[in-house]
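Colleague: The listed protein sequences derive, respectively, from chains A and B. Just so we're on the same page, my numbering is the position in the first sequence counted from 1, plus 1013. Just so we're on the same page, my numbering is the position in the second sequence counted from 1, plus 75.
What the hints contain is simulated information worked out from the structure, not anything from laboratory work. It should be emphasised that the depicted structure is a prediction, and the values quoted were computed from it without experimental measurement. Each hint should be verified, as a subset may be incorrect.
Said to hold, decoys possible - Looking from chain B toward chain A, a few residues come up when the C-beta cut is under 8 angstroms (computed):
id, residue
1, R90
2, P91
3, I93
4, I106
5, A107
6, V110
7, R112
8, L114
9, V118
10, D121
11, E125
12, L127
13, R130
14, V131
15, L132
Glycine residues also receive a C-beta, built at the ideal position from the N, C-alpha and C atoms.
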Amino acid sequence: MAHRSEADLLAERDLILAAQRDRAAFAPLYERYVDQIFAYALTLTQNREHAEDVTAATFAKAVEELPRFEWRGVPYSAWLYRVAANLVARDRRRPGWIELTPQLGDDAPGPEEAALSGDRAAEVRFAVAALPHDQRQAVLLRFGGELRNREIAEIMGRSEGAVKLLTFRALTTLRRRLGAPLPAERDARREEGGGDR
Amino acid sequence: MIDDIERLDDALEGRPPIGGFSGTVGELVGIAAEVARALAVPVLTDAERERLHHRVLGGRTWSDRLLHELPRLARRPTVVGGVGAAAVTLAVVGIALLRGRSHPELGGAAA
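If we strip away everything but chain B, and leave its shape as in the complex, we get (with noise of 0.2 angstroms):
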């Protein structure tokens, strides 16, 4: 068997070996092959292929991040419930901070 496992190595790797391959080791190298081939057959879906390359390469911001993230953790009950929790927080600052700019006269009065 270690002459099997050295021959098959040996025509893997291109290299001829002595005395030629056994049926066995040329069975395998043809199975080798066909696997090869079988994994160089992309298997990543277009949408999936999209989230990851935004995920990776989209230089987004947190915010967008986050909006983007939600339909997949909402498949997630037990983080969707922490999340939907830290969404609101954030949005009820935000709103809050977005009114202070738009109406600073009510800040003035405020203060």
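The following block holds chain A by itself, in its conformation from the complex (with noise of 0.2 angstroms):
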């Protein structure tokens, strides 16, 4: 799987240096995370609204912390995910919290009809979605972040170990649930069928 390359990484920290120097500068980074931090909020906490509110407080605290943030050579997002992470954990901690079933948008269809309709996105971000909530974010910040696993580990307070072991297990659960077929498979399949599932 991608990772940033030295170069992005050298062109990440002279954005966060320009933000430093000028907040309006600020933009490009949220442009750049807006919708990752969203899509790993929303696969954690299964409602739209709270996701809503953790990436608004996620990036209100970078635009805050900017003075003070210190370049270490890891991706920004490992940073942002971190206090994202944070938020959501602090709220799974408050009384009555509830693990919602997965329903990733109040118009997406659910993952029955997703399959029907052909919408294999949706269709994989449900069975990601149901995943326990350690796979769930292991696989988040390794397949939607493209973090390495020792920055996924200290974001997840876990061992560079235990998160290839929750890889493990979520990819193979991930394969039950979603079926054996392989892309280039089920590519060759639709061609030979004619496009219908």
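Taking the hints as your guide, dock the two standalone chains into a single complex.
Modeller: The following block contains the structure:
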């Protein structure tokens, strides 16, 4: 899976330095990560309104902490994910927290409808949302955030070995839930069958 | 299983494992690629994107922010009562101040 190149990281460091000199220059960092952080919060909380609040609070803290932020050669998103993870964890500890059934959008189809309509991306997102919390988090950070094991381990407060195990278990569960056909095989089947499912 | 965990990690990191992939690891790599593609699809609606942009980068005054947030808060009955009371109080104070500015003679008369 893709990770950031050294050149990408250095370019991002320049964006951070620019934002530290002038807060108006924070916008490119925000635009780069807002979708990722919202998707992460949404898949963890299963609630769009809550995910929006977590995303807003994460970036508000980012702006507030900007003058004190020290670049350490890892993607800025690692820091944002840690803030978002802490905000979600804080809410999960509150009395009355209920883990909702995966529902990724008010107008979004359910998992069966997504499967029937051929919206594979929605089907996959539902399957990820239904994973146990730690597995879900590992998958989101690795494949959604494109972070490395050591960065994920730090965010989750786990060892790198534990992150590898969580990833393995999560993908094993997803293979079972989503079915064995690999993308290439499915595409070939689609072509043979004229696109009907 | 430990071997498979390490082989999967090697494969995900782009390091070709010695002896190649097992069938299981190959399938898991395929699922991982599919998950990465699915998670790359943006899920923010236009309305959410706009609200977030205003909340984070809007740089508006507290009163602008309050007006923007009211429709959302209205969906939370426990919150809207308190905010409503505060808004009414602020509106009364604001009107009183404006009246004072618009009609200084009233202030003078009162004094």
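Colleague: At a threshold of 8 angstroms, is the proposed contact between B/V118 and chain A supported by beta-carbon distances?
Modeller: Holds: closest Cβ of chain A sits about 5 angstroms from B/V118, inside 8 angstroms.
Colleague: Interface hint check: B/R130, Cβ to nearest Cβ on chain A, cutoff 8 angstroms. Holds or violated?
Modeller: holds (4 angstroms)
Colleague: A closest beta-carbon separation below 8 angstroms is what the hint needs, so does B/P91 meet it against chain A?
Modeller: violated (14 angstroms)
Colleague: Using the nearest Cβ pair, does B/D121 come within less than 8 angstroms of chain A?
Modeller: Hint on B/D121: violated, closest Cβ of chain A at ~12 angstroms, above 8 angstroms.
Colleague: Could you check if B/L127 really has its C-beta closer than 8 angstroms to a C-beta on chain A?
Modeller: holds (6 angstroms)
Colleague: Min Cβ distance, B/A107 to chain A: is it shorter than 8 angstroms?
Modeller: holds (6 angstroms)
Colleague: Given B/R112 as an interface hint, is its Cβ closer than 8 angstroms to any Cβ of chain A?
Modeller: Constraint on B/R112 satisfied, holds at 7 angstroms.
Colleague: For the restraint on B/E125, tell me whether the closest CB of chain A is nearer than 8 angstroms.
Modeller: violated (11 angstroms)
Colleague: Against chain A, is B/V110 within 8 angstroms by beta-carbon distance?
Modeller: With Cβ-Cβ at 5 angstroms, under 8 angstroms, it holds.
Colleague: Double-check B/V131 for me: the hint is only fine if its C-beta lies closer than 8 angstroms to a C-beta in chain A.
Modeller: Since chain A brings a Cβ to about 4 angstroms from B/V131, closer than 8 angstroms, the hint holds.
Colleague: Checking hints one by one. Is B/L132 an interface residue toward chain A, by the C-beta closer than 8 angstroms rule?
Modeller: holds (6 angstroms)
Colleague: Against chain A, with CB atoms and a cut of 8 angstroms, does the hint on B/L114 hold up?
Modeller: It holds, given that the least Cβ distance between B/L114 and chain A is near 4 angstroms, below 8 angstroms.
Violation of the numbered hints given earlier is confined to hints 1, 2, 3, 10 and 11; the remaining hints are satisfied by the structure.
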